[in-house]
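Build out the structure end to end from the sequences listed, making use of the hints.
Line by line, the protein sequences give chains A and B.
Heads up, the first sequence is in my numbering, so the first residue is 1 and it goes up one at a time.
Heads up, the second sequence is in my numbering, so the first residue is 241 and it goes up one at a time.
The set of hints was computed from the structure by calculation and includes no laboratory data.
Incorrect hints may appear among the rest.
[Said to hold, decoys possible] As a list, the in silico DSS-like pairs of lysine-lysine whose alpha-carbon atoms are at most 30 angstroms apart: (1) LYS54/A to LYS206/A; (2) LYS307/B to LYS67/A; (3) LYS307/B to LYS42/A.
Source: prediction; values computed, not measured.
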Amino acid sequence: MAQENLFVIQPSGEIERWEINKRRINPTQAIVNALSSGITRKAAAVFPAALIDKSMVGYANLAVEAKNYVTVSIPVGVMPMNAPFAVKDNLAWPIFDGNHPNMKMFWKVPPSMNLYLSLHLSSGYECIEQHLVAFTPDKRSWRIPVSNLYADCRLCHGRYASISNTILDCCIPAWRQFCDGAWNSDLYSDATAQRRNGAKELFAYKVNNSEITQIEFTGDWTVHCEKVATEYITNSITPP
Amino acid sequence: MNITIRYGTDSMNKQFDGTPTVSTVLHSASVKAQLGFGDNVRALVNGVALDEAAPVEDGSIVVVETKANSKAV
Numbered sequence: 001m002a003q004e005n006l007f008v009i010q011p012s013g014e015i016e017r018w019e020i021n022k023r024r025i026n027p028t029q030a031i032v033n034a035l036s037s038g039i040t041r042k043a044a045a046v047f048p049a050a051l052i053d054k055s056m057v058g059y060a061n062l063a064v065e066a067k068n069y070v071t072v073s074i075p076v077g078v079m080p081m082n083a084p085f086a087v088k089d090n091l092a093w094p095i096f097d098g099n100h101p102n103m104k105m106f107w108k109v110p111p112s113m114n115l116y117l118s119l120h121l122s123s124g125y126e127c128i129e130q131h132l133v134a135f136t137p138d139k140r141s142w143r144i145p146v147s148n149l150y151a152d153c154r155l156c157h158g159r160y161a162s163i164s165n166t167i168l169d170c171c172i173p174a175w176r177q178f179c180d181g182a183w184n185s186d187l188y189s190d191a192t193a194q195r196r197n198g199a200k201e202l203f204a205y206k207v208n209n210s211e212i213t214q215i216e217f218t219g220d221w222t223v224h225c226e227k228v229a230t231e232y233i234t235n236s237i238t239p240p
Numbered sequence: 241m242n243i244t245i246r247y248g249t250d251s252m253n254k255q256f257d258g259t260p261t262v263s264t265v266l267h268s269a270s271v272k273a274q275l276g277f278g279d280n281v282r283a284l285v286n287g288v289a290l291d292e293a294a295p296v297e298d299g300s301i302v303v304v305e306t307k308a309n310s311k312a313v
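Below is the structure:
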């Protein structure tokens, strides 16, 4: 056992002497996992998102947990919006129910929104869950008003692709699945009026005889989203 | 009693009279308004989720996080 003295200046200006007794111990792996569960290391701009899909811009971020689980966050600039749409008065918007026809649209993310599709990978590079989280520039996290999204921003888009050899190999099928998947009525039957109205405001398209074009949202998009925070989002998805 | 409450990147300090419970902290109107969370939340102290009846010790950092809802189709 060794003893060490540490002098600490507290924010109040008081100076303390800490007498630390050091003892080497051999905890079980379960205890190590529990003690280190909150330790996550982040790295920004690990690879260009264009490696996943040539149309993508920006860079993927990475977070590594103590147990070697990895979160890779892919910036979403244009989100596929394959969903049931309502059309009325030259306006179309996703309504996420089973009574309207599906339309395959694309939604350009507002410039002030940083939207990430995050893959949570086990140490063996198996995708165990996915999240879709929007961030304001001040790094607050938000749940956008789509269906198939749990309150903690976990995606519900069916089973994920099996184990891959590399992180990039995990991203490519996950992005393809995200693009091909449909937004249906799952997790939306109990949606609040604010959420339904938010979908109409954020994801609105102008319809005329020859084309359907997105009405780009220029206001404060957070009023149509729900503020969300979990330790996982804060530690692993929030951009560094 | 001085408690620090954190919700995502936002945090605040609040004085409570006596020892508050988790429920007191989570249902405080001023805390909810300042940090911007609703009713679908839970509280963690040192990474452990606490029951709403659990007391919160002086100087604790209470991390509030959004609860995962169950699947409603």
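For which of the previously enumerated hints does the structure constitute a violation, in increasing order of number?
-> As far as the earlier hints go, not one is violated by this structure.
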